[in-house]
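> This is what each chain is made of:
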Amino acid sequence: MSSLFDLPFEEPEPQAAIPAPEPPARRILTISQLTSQVRLALEGQFAEVWVEGEISNCRLWNTGHLYFTLKDAGAQIKAVMFRSTLRYLRFKPQDGLRVVARGRISVYDPKGEYQLVCEHLEPEGLGARQLAFDQLKARLTREGLFATEHKRALPTLPRKIGVVTSLDGAAIRDIVKVLRRRYANAHIVIRPTRVQGDGASLEIARAVTAIGRVRGVDVVIVGRGGGSIEDLWSFNEEVVARAIAGCPVPVISAVGHESDVTIADFVADLRAPTPSAAAELVVARKDDFVAGIDRLTRRLNAGMDARLHRLAARLRSSEARPGFRGFTTHLAWHGRRAADLTHDLRTAFGVGVAARERRYRALQLKLEALDVRRQFQRIRTRLVSADTRLRSVIVSRQHRAQNRFERAAARLDSLSPLGVLGRGYAVCWNHERTAIVRTAAAVSPGDRVHVTLHEGELTCDVVTPSTRRPQGST
Amino acid sequence: MDPTIKDFEAAIAELDTIVKKLEDGDLSLETSLQLYERGIHLSRFCHARLEDAERRVEILNERGELKPAPPGLGDDDAESRPRR
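Those protein sequence lines, which keep their order, are chains A and B.
Be aware that the first sequence starts at 1, since it is given in the numbering used here, and climbs by one per residue.
Be aware that the second sequence starts at 1, since it is given in the numbering used here, and climbs by one per residue.
These are computed hints drawn from the structure, not numbers from a lab.
Incorrect hints may appear among the rest.
As the list claims (entries may be wrong) - In silico BS3-like links for lysine-lysine, alpha-carbon gap of 25 Å or less:
#1 A:K78 / A:K92
#2 B:K6 / A:K177
#3 A:K78 / A:K111
#4 B:K6 / A:K151
#5 B:K20 / A:K286
#6 A:K151 / B:K67
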């Protein structure tokens, strides 16, 4: 006790030997003024410090602020962490925990105390982990494991969804629940695994590999719910990263919360912020699929309908052509007209008609008409087998088109020279069917001609033009 | 299933292409009908495929066997009832 008292009296002694400089004007401060100056000095110099120590006297006040003491073997400092920064902590500070703190020194005037206002706190040893994390990340980046071009697209509609996670956590329940809601008949295959603790990373890696080989599984979700950074650490291990990269099907990572980013997230084909989000990403709502397909089907029907509409318009325009100029008009003209109309019809039905087919034979008109009717029949059969929902619309359009065609065909029939042929007359064409042979002088011996009868046709070679009996040779 | 359709994605993509062709292209009726028929076929395939998946939760165990998941895995149904 006495030594304590003695000390101040002894210490000034040597100083007293030094001649005191001109004594400054005596200026007396109030406590407040002094404290204020101390505060300025301390807060100015220690605006940001990093300090390590052990937590003690840790107490969370009901204001939400955390008060504790940081100490080492020789000293201690009071510390506070305010609620606003406290909520970003990924671990729970407690007595005896060694931490690294970042903060500023603040002076509390009413009590004449100074304290460390912590802005960041991390368990000691995290630094080493962070280093390992950064190094692994850099190495795998160099290897190209995170490269965008390696990211595989998820299947639009997965057949079986693989899930690698713990059966104990909330994660698996969230995933199943969300999947059921979005896609009631989803088929889920779970490979249970530990997701934290020693050896968990190896288990996760094996599980990813195993589930990727299950038949029908075409996408895998790997992850776990939220936890401390230590809890999530398995997902930062290289073995997990390798397993994800080597998985034959796309992998979605879902580790912890939005703010937790692990190596697994970098290497996965898609990173989901949470397990529930992974379930949302893995498959669209079934309703959306149904709506999408229905939309396409409606457009399909509308497109077909428009096409049939055009066919009807074409038939109308064929009909509207100037009428025939009476029966006195040449047979060739009729043939030509018939060919035109038939050509239109054939084009309408998509049967390629070569230009030479335009030189059309009058007698084939009927056959063509039959042929076209057969086509209509075929089309109708097809339409009947097609979507029943729109069938009636299409059939009615087709009906109108067919009626129109039949009217046109009937009109042609009535104007046709076939009636004359029916009475026993025949028409003789030149070989090219470009002209009707009207005089014997028009052909020479050896020429080929075609003779159109009421039913059928003859191909004949001319023997003697002057002879009145042509010799059939077919 | 249909050997001419690779999978759901391919079916949707083809259906989309067909619809665009029908809407834009100047096609013959014959071609249109063929496309239309194919389109309807694809549409049905997609709808069927949506119903295709079996509502199941299975567990892949250490030995690589698939077992029905224990009841209560977020699934309120009697999901553990094995089918087939």
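> None of the hints should be skipped; say for each whether it holds.
Hints and how they fare:
1. Straight-line distance between C-alpha atoms of K78 of chain A and K92 of chain A comes to about 18 Å, which keeps the hinted pair within the 25 Å bound.
2. For the given pair, K6 of chain B sits about 30 Å from K177 of chain A by alpha-carbon distance, which is inconsistent with the 25 Å threshold.
3. About 13 Å separates the Cα atoms of K78 of chain A and K111 of chain A, which keeps this hinted pair within 25 Å; it holds.
4. Between the alpha carbons of K6 of chain B and K151 of chain A the distance comes to roughly 22 Å, so the proposed pair stays at or under 25 Å and holds.
5. Note on K20 of chain B and K286 of chain A: the hinted pairing holds, with a Cα-Cα distance of about 24 Å set against a maximum of 25 Å.
6. Our distance criterion of 25 Å between C-alpha atoms is broken by K151 of chain A and K67 of chain B, whose separation comes to about 31 Å.
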